[in-house]
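Here the protein sequences line up with chains G and F, keeping their order.
Going by the numbering used here, the final residue of the first sequence carries number 493, and the count climbs one at a time with no gaps.
Going by the numbering used here, the final residue of the second sequence carries number 493, and the count climbs one at a time with no gaps.
Calculated directly from the structure, the hints in this document are not laboratory data.
All the pointers check out, no bait thrown in.
Copies of the same chain look alike in the list, so a pair counts if it works inside one copy or between any two.
List of simulated lysine-lysine pairs, PhoX-like, C-alpha gap at most 25 angstroms:
(1) 165 to 293
(2) 25 to 474
(3) 165 to 292
(4) 285 to 165
(5) 157 to 186
(6) 25 to 430
(7) 430 to 474
(8) 157 to 187
(9) 285 to 474
(10) 433 to 37
(11) 25 to 433
Bear in mind the structure is a predicted one, so any value in this text is a computation, not a measurement.
Protein chains: 2
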Amino acid sequence: MKESTEFEPMDGETFEVRETSLREKLLDAQFDHAEIKTEALLILLNGPDGSGKGEVLIRLHEWLDSRTVSTLTYDINDTDESRRPGGWRYWRDLPRRGRIGIVLGSWYHEMILLRATGEIDRSTFLTALERSHRAEAMLAAEGVRVLKIWLDLSSDKASERFRNKRRGPGSARQPLVVEWSEINTKKERKRLIEAAHEVIESTGPGDTPWHSVPASDPRARDLEVGRLVLTALQSAAAVRTKRRGKPPAVPRRITRGPSALAALDLSQSIDRDTYKTRLHNAQAKLYRLTRKKAFAKRGLMLVFEGNDAAGKGGAIRRLRSALDPMQSEVYPIAAPSDSALARPYLWRFWRRIPDRGRIAIFDRSWYGRVLVERVEGFAARAEWLRAYQEINDFEHQLNGSGYIVQKFWLAIDQDEQLARFEAREQVPHKRFKITDDDWRNRRKWPLYAAAVEDMIVRTSTAAAPWTLVEANDKRFARVKVIETLIARLEAEL
Amino acid sequence: MKESTEFEPMDGETFEVRETSLREKLLDAQFDHAEIKTEALLILLNGPDGSGKGEVLIRLHEWLDSRTVSTLTYDINDTDESRRPGGWRYWRDLPRRGRIGIVLGSWYHEMILLRATGEIDRSTFLTALERSHRAEAMLAAEGVRVLKIWLDLSSDKASERFRNKRRGPGSARQPLVVEWSEINTKKERKRLIEAAHEVIESTGPGDTPWHSVPASDPRARDLEVGRLVLTALQSAAAVRTKRRGKPPAVPRRITRGPSALAALDLSQSIDRDTYKTRLHNAQAKLYRLTRKKAFAKRGLMLVFEGNDAAGKGGAIRRLRSALDPMQSEVYPIAAPSDSALARPYLWRFWRRIPDRGRIAIFDRSWYGRVLVERVEGFAARAEWLRAYQEINDFEHQLNGSGYIVQKFWLAIDQDEQLARFEAREQVPHKRFKITDDDWRNRRKWPLYAAAVEDMIVRTSTAAAPWTLVEANDKRFARVKVIETLIARLEAEL
Chain G
1 MKESTEFEPM
11 DGETFEVRET
21 SLREKLLDAQ
31 FDHAEIKTEA
41 LLILLNGPDG
51 SGKGEVLIRL
61 HEWLDSRTVS
71 TLTYDINDTD
81 ESRRPGGWRY
91 WRDLPRRGRI
101 GIVLGSWYHE
111 MILLRATGEI
121 DRSTFLTALE
131 RSHRAEAMLA
141 AEGVRVLKIW
151 LDLSSDKASE
161 RFRNKRRGPG
171 SARQPLVVEW
181 SEINTKKERK
191 RLIEAAHEVI
201 ESTGPGDTPW
211 HSVPASDPRA
221 RDLEVGRLVL
231 TALQSAAAVR
241 TKRRGKPPAV
251 PRRITRGPSA
261 LAALDLSQSI
271 DRDTYKTRLH
281 NAQAKLYRLT
291 RKKAFAKRGL
301 MLVFEGNDAA
311 GKGGAIRRLR
321 SALDPMQSEV
331 YPIAAPSDSA
341 LARPYLWRFW
351 RRIPDRGRIA
361 IFDRSWYGRV
371 LVERVEGFAA
381 RAEWLRAYQE
391 INDFEHQLNG
401 SGYIVQKFWL
411 AIDQDEQLAR
421 FEAREQVPHK
431 RFKITDDDWR
441 NRRKWPLYAA
451 AVEDMIVRTS
461 TAAAPWTLVE
471 ANDKRFARVK
481 VIETLIARLE
491 AEL
Chain F
1 MKESTEFEPM
11 DGETFEVRET
21 SLREKLLDAQ
31 FDHAEIKTEA
41 LLILLNGPDG
51 SGKGEVLIRL
61 HEWLDSRTVS
71 TLTYDINDTD
81 ESRRPGGWRY
91 WRDLPRRGRI
101 GIVLGSWYHE
111 MILLRATGEI
121 DRSTFLTALE
131 RSHRAEAMLA
141 AEGVRVLKIW
151 LDLSSDKASE
161 RFRNKRRGPG
171 SARQPLVVEW
181 SEINTKKERK
191 RLIEAAHEVI
201 ESTGPGDTPW
211 HSVPASDPRA
221 RDLEVGRLVL
231 TALQSAAAVR
241 TKRRGKPPAV
251 PRRITRGPSA
261 LAALDLSQSI
271 DRDTYKTRLH
281 NAQAKLYRLT
291 RKKAFAKRGL
301 MLVFEGNDAA
311 GKGGAIRRLR
321 SALDPMQSEV
331 YPIAAPSDSA
341 LARPYLWRFW
351 RRIPDRGRIA
361 IFDRSWYGRV
371 LVERVEGFAA
381 RAEWLRAYQE
391 INDFEHQLNG
401 SGYIVQKFWL
411 AIDQDEQLAR
421 FEAREQVPHK
431 RFKITDDDWR
441 NRRKWPLYAA
451 AVEDMIVRTS
461 TAAAPWTLVE
471 ANDKRFARVK
481 VIETLIARLE
491 AEL
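Only chain G is shown next, with the shape it has when bound in the complex (with noise of 0.2 angstroms):
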């Protein structure tokens, strides 16, 4: 039975003339994506079972340098990764710029079963759909080129040729992809065919577009494959590095309405006697609350973002004196490593999402893009505008996978952040340090608080509120941080 969109199948005279000029491209166009390192190249190798994703990936294998390839195929069963949210594998194993992943089972294969086996309905396959979308927008962004391939055979073929390669003993040298184990009867596998067709046709060409492969001819199918990572190699080659932003001069808002920090109350205080009882009672509690077996279930991670000198670090030690050591972790987080810079902005976060039951306290945060990097004209002012969605983005995902996201801004008035850095300057103690920097950061005041008003109303979401903390008073601050906390997880408990 001969498909009608088949033709005669390609003679090894015609692909060997073929390959021997595409591969001699592949290899030039590879080395010269990895000496510029614009990009990193995603290949998401997708298809029915039997539609030789197995081969395909041998033979890219074969014609590109493998120094800078890695194969990157996810066992769904690894705790370790079905412990954290969906996308952190992808995020672990993100390639840096200049390199190449192949992925087997990618993103899309979740969706795309579930929608086979008939477990999700249609709105809820679109909603997946769209949210791999999103994320794609975004790695296109930062510098990650996906190029999306689906080895396109029908479903009676596709079976057949499994069967077959399953028992045939050319089968030595071929390792079989079995990707889609929990596909069985006729109606399921055509269902796959179906939703997989659907996810294929859903991105429009503006965005990153699939690229459909006739897979019935094994040599047309992977000289297709070839030509397209050629491409994609040689596009990814002659993008623009990006230009660093350009600082702004004048303190100017994104968003509109009432000035969050103006109407906070930064006269408030607690009394010494206060303070103690009341810190005391919370720290106890904080820990109950986080010993508990739903808190087991769930992973907590804490922002704290706020004025230089505004009592960050007092804070975080209280709230962390009333945690297990073993169970918390503190990350400070600085200027982006190379290995950061060479991956989109939100990597170094992901890879620091805690395992379930635990807690991170992020001391500055994935926030640093749109206040500092804003600020001083480190992130261009496509990146950081971007940012807000792509921050709520993350921040929906964790919620959406059991994690309780909680942020604090601790505000402080010009007044008090003077006191505090005159008070420094007397202290022998170089910990307490006052640098150029801060001096520097207190002139650009007008340029911060427009950043962070833009900031609270664009990422307080319910999934992640913003706490502002008034922290004049250093005891208030540390206070209302941990209560602020015992509250959010009696409510999420």
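Guided by the hints, dock chain F onto chain G, whose structure is given.
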């Protein structure tokens, strides 16, 4: 019943005075340590259950600035860890210079436990001890200061305190560290302390000595631990940073004996037809071997070193195309990154140990230290001199936990290299370009030759042999590599 070593417990006021002073000093010392970044500090916190490991841990987290402190605890049932060599988890979590790691359940845990339960005899125990000492000597030389603390308490007293605490209401904020749950009888508890004392007394003062801290009085215990940490931080910050080595001017072997390289018959070659057949057969055979059940319980680490232009890349490609791409990974090893430089030399190779049943191919390797780093002076003489032993230990550990380590040196002569350099300069492809570095290395041929001879003598072990591959004829080299590996696998599986 009072022990003879016990004094009056410290009163609260005395403690507070001393604590305040100690804490200031600790924070200052920690700040310097974090700024100067000469060493990492690993604090091993050991003792019988009930001696207060959890309390001391909390105390240290209270006293120190949590931003540069991590707690390293290990679940012995973690599959990801238990599939790899014993030291892997510590290498994975090793703090970088300027940071502090507090280890609960250190590498001494297992040997003490097995000795207490009588599962290992004295000589096995001593061998394990000796291995730890060697590892620590390496860490010390490579910028990791290890502070070993044993909280000393008689077995009766410890188990009494442990029982009380487990029951008591005061445990609300005192996480219990249960390290020795396998120890149940009084006899075992006693043997545990005996084994521990043998460990404690086994290191001479020249090494990193153990500190036995009396644990019966919690306040005095905590202050003493704090004092030890303070001294360690201060000493670490006082260490001078390493100077770069001086590149040798004259080739000088450090080993004696005939030249292994001179003994090679580089004229060996294979004609094209024989090559095709033998390569094809060897590839098929290799594939089958790596699919064997016995292989799934092992792991394979392949090292490729060789003269510039000796054909490592081509040999690796022929080898890899015989393997399942999902099962194998190629690691090109270039100059170390910043985060690798902040840790002991072998760190980045430990992190690349493959999971069971998998294959890691190193295109250049940990031998860089005794080759390029020796010749170019990137490593000091003392560093590359001790690297031979460190490398042997590393490979010995790999071998001991079931990994197969196979190393290839691809040798060509100077004429062949010149011919290949010149041929490459004719090729239009940028990826074959010969750089100034290549020509410079070529002029240092005798220096590299001496380094290679030493490397072969010093690191050819039964566990991890070197195979010298005559590579003037590329076909001969490629076949020899795969056939050698086949022979090795057949012997091992």
